[in-house]
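J.: Letter by letter, the chains look like this.
Protein chains: 2
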Amino acid sequence: MKKLIVQKYGGTSVADPSRIKNVAKRVVETKKKGHNVVVVVSALGDTTDKLIELAHQITENPSEREFDMLVSTGEQVSVALLAMAIHKLGVEAISFTGAQVGIITDTAFTKARIININTKKIEEELEKGKIVIVAGFQGITMDQDITTLGRGGSNLTAVALCKALGGDVCEMNTDVDGVYTADPRVVPNARKLDFISYDEMLEMASLGSQVLQARSVIFAKKFNVPIHVRSSFSDKPGTFITKEAKTMMEDVVISGVTLNKNEAKMTICDVPDKPGIAARIFKVLADEEINVDMIIQNVSRTGFTDLSFTVSKSDLNKTLRTAKKIAQDIEADKVIFDEDIAKISIIGVGMKSHPGVAARMFDILAKNKINIEMISTSEISISCVISKAKAELAAKALHTAFGLDKKEKK
Amino acid sequence: MKKLIVQKYGGTSVADPSRIKNVAKRVVETKKKGHNVVVVVSALGDTTDKLIELAHQITENPSEREFDMLVSTGEQVSVALLAMAIHKLGVEAISFTGAQVGIITDTAFTKARIININTKKIEEELEKGKIVIVAGFQGITMDQDITTLGRGGSNLTAVALCKALGGDVCEMNTDVDGVYTADPRVVPNARKLDFISYDEMLEMASLGSQVLQARSVIFAKKFNVPIHVRSSFSDKPGTFITKEAKTMMEDVVISGVTLNKNEAKMTICDVPDKPGIAARIFKVLADEEINVDMIIQNVSRTGFTDLSFTVSKSDLNKTLRTAKKIAQDIEADKVIFDEDIAKISIIGVGMKSHPGVAARMFDILAKNKINIEMISTSEISISCVISKAKAELAAKALHTAFGLDKKEKK
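Residue numbers (numbering that gives the first Met the number 0), protein chains in the order written: chain E, 0 to 409; chain V, 0 to 409.
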């Protein structure tokens, strides 16, 4: 059956002319199977970083409009080169900028949101039998100003195009061959998932998985666009992300274990236990643009409480300065922090219908003599902050206990 | 008086961030004098060459549409960086691609011709008090395909914008400080001209001067756009190119001496003197895309003639092969060639009203024992092919004899 396939290739997949030729070959193979192909590409390798470096040699604080004008050239170079590489293989292809295919965005330069896509031009070229190549990461406002979509923008372009064109699948070609039950570098027995639901993928993304940014998954979920995460360098199928992957794994309670070592824990000791104090603390942190992840409050002695929270390690110094000032203002005691923590999470839509998953997780950690410092839960995930030294042990133990290890090894 | 000034800066003027900052300073100075300023910039230094190199790593024969898509990114980078540099000086500026300001061209990719310019957007931004920066060298077709204008395209953009906007002057900021009576590297006494006419500038460009390509001068002449050729690195006035510069130099017979050492002379000996033979020869050369410059025919013996012509040295081998084949076909004798020639030319609208200029030129060359091999004339120029070894001597002698040497030295 003839399908419409949107393929996205990231910067490492098109880092140099030889890799671009490899991508051209893959695209042409898909086309020769009889499908219509729309390709979305990112800028070559570190091109975007080089352009940003140029801008910073001019000014430390470039205008966002001009910044987008500058960095959007990276993807324009990629699409032209990929079109040439496909022509070289004797197949018709045509490249477009975001502006040319009418990817209309709002005016939030550097992090614009797609408002509408005019698919007429792409559909005309597909009907002529051509492979259509679209510059990722970029769009244009109603006033014809060039915008970029922010981090992970090319993924977003691909998902949005797939939705607008009514495509059958949006292939994310990347440098890993799919979504794994855990990071294979941490858990050698990690298994590639054939299927995963949008919700699970979202939790994974926000809990530390680097495969796909949450933003494009949210978009895909909203419009029910099927995603196929696969390797640019292999022909094997990767992981399909769809609405309801549960049918494929009815007896699977959790689908993945993630580990995040990039957070630090901070505690403001002996905070006066008065209404409005917590709100005041987190308002000040938010004003400083510090992103707080987990929050725990422990009553220590009457009228006082210890308030702990985690932040990204890159914000540690700023947070420490801010927290010390807050502590003084609200007449709390000292501020202590711990960098040697890790957040271990288990994710799975299965836990909705399986009670006792949290208890089982705590039990497994306890049996491995791993102390739990903080806990937080969502509908389909449970996260624990533990000592960094025990992180790998915890990941492996949970992975095995929840039946995620490779079948062959069982 | 408030003027509208179009300033063009070439690739060497914006080769790196520090030079871009220098251009920003110059642009802002002009703006602060109370003028409206529209700036046209080329790609940074060797950016275009690097992009072409990338394309050639993919295919030796890239699609012209995709080629334009690729190389047009160079100017887009420049305009964004220049806008940032102007902002840094606290002055408002906005950058545009050729597409954004509606520089509409035909579909002759890599050498497109401007059909129309929609000035609305530029005028709106000028009215807001902004400096408007436009990417040179590029345009867009009615179908929204990106095109480039070919060699010297940024100059053409500047002249065309000046015409469309009704600008007062089109400043060509370059790495020389004006148009000289001769190449100062050859004739140390060469003098910068304050004024020159379009026609003279055109002859200079086609006879070897590198300052401006003929194409933008033809356009400027057609629409009577005043051009000011000046240095990017100095504040001194350069050379104004206008319709009629004669009034400024009534007793000046010639305004410049040019030298071209890039041609070779070829002679097909003993060509049968029959009607249609010359046409046949030059038709074959034209079919091979060999550009013939001067042509001379000498009757040597009854019924036969020696046919000499000059071609660019880069075409020498191809021309030799073709000429030998022609000679055989038309039953001529051998083909001989001479690479050691130079074409010396004198240019001046003054010669229209001064008879005997040619005779005086020949006399000066004769007095310097320089043999003339070929002669060609136009309404405002006379060119002689001489031995390359005598080229510098001829240039200096003519420059002095026609009164072009620096006033101070007289």
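To be clear, the hints were calculated from the coordinates, so they are not data collected in a lab.
Some clues are possibly wrong.
Given that identical chains are not distinguished, each listed pair holds provided it fits within a single copy or across any two copies.
Simulated crosslink set (DSBU-like; lysine-lysine; CA at most 35 Å straight-line) [said to hold, decoys possible]:
| # | residue 1 | residue 2 |
| --- | --- | --- |
| 1 | Lys87 | Lys282 |
| 2 | Lys333 | Lys49 |
| 3 | Lys220 | Lys395 |
| 4 | Lys282 | Lys333 |
| 5 | Lys162 | Lys323 |
| 6 | Lys317 | Lys87 |
| 7 | Lys317 | Lys242 |
| 8 | Lys162 | Lys120 |
| 9 | Lys87 | Lys312 |
| 10 | Lys49 | Lys87 |
| 11 | Lys312 | Lys32 |
J.: Each hint needs a verdict: does it hold in this structure or not?
T.: Results for each hint:
1. Lys87 x Lys282: between (58 Å within a copy, 33 Å between copies)
2. Lys333 x Lys49: neither (44 Å within a copy, 58 Å between copies)
3. Lys220 x Lys395: within (30 Å within a copy, 78 Å between copies)
4. Lys282 x Lys333: Answer is within: at 19 Å inside a copy they meet the 35 Å cutoff, but 94 Å across does not.
5. Lys162 x Lys323: neither (48 Å within a copy, 64 Å between copies)
6. Lys317 x Lys87: For Lys317 and Lys87, the Cα distance is within 35 Å only across copies (28 Å; inside one copy 53 Å).
7. Lys317 x Lys242: Neither. Shortest intra-copy (40 Å) and inter-copy (66 Å) distances fail the 35 Å Cα cut-off.
8. Lys162 x Lys120: both (16 Å within a copy, 33 Å between copies)
9. Lys87 x Lys312: between (48 Å within a copy, 32 Å between copies)
10. Lys49 x Lys87: So Lys49 and Lys87 pass the 35 Å test inside a copy (28 Å) and across (20 Å) alike.
11. Lys312 x Lys32: For Lys312 and Lys32, neither the intra-copy (48 Å) nor the inter-copy (51 Å) Cα distance is at most 35 Å.
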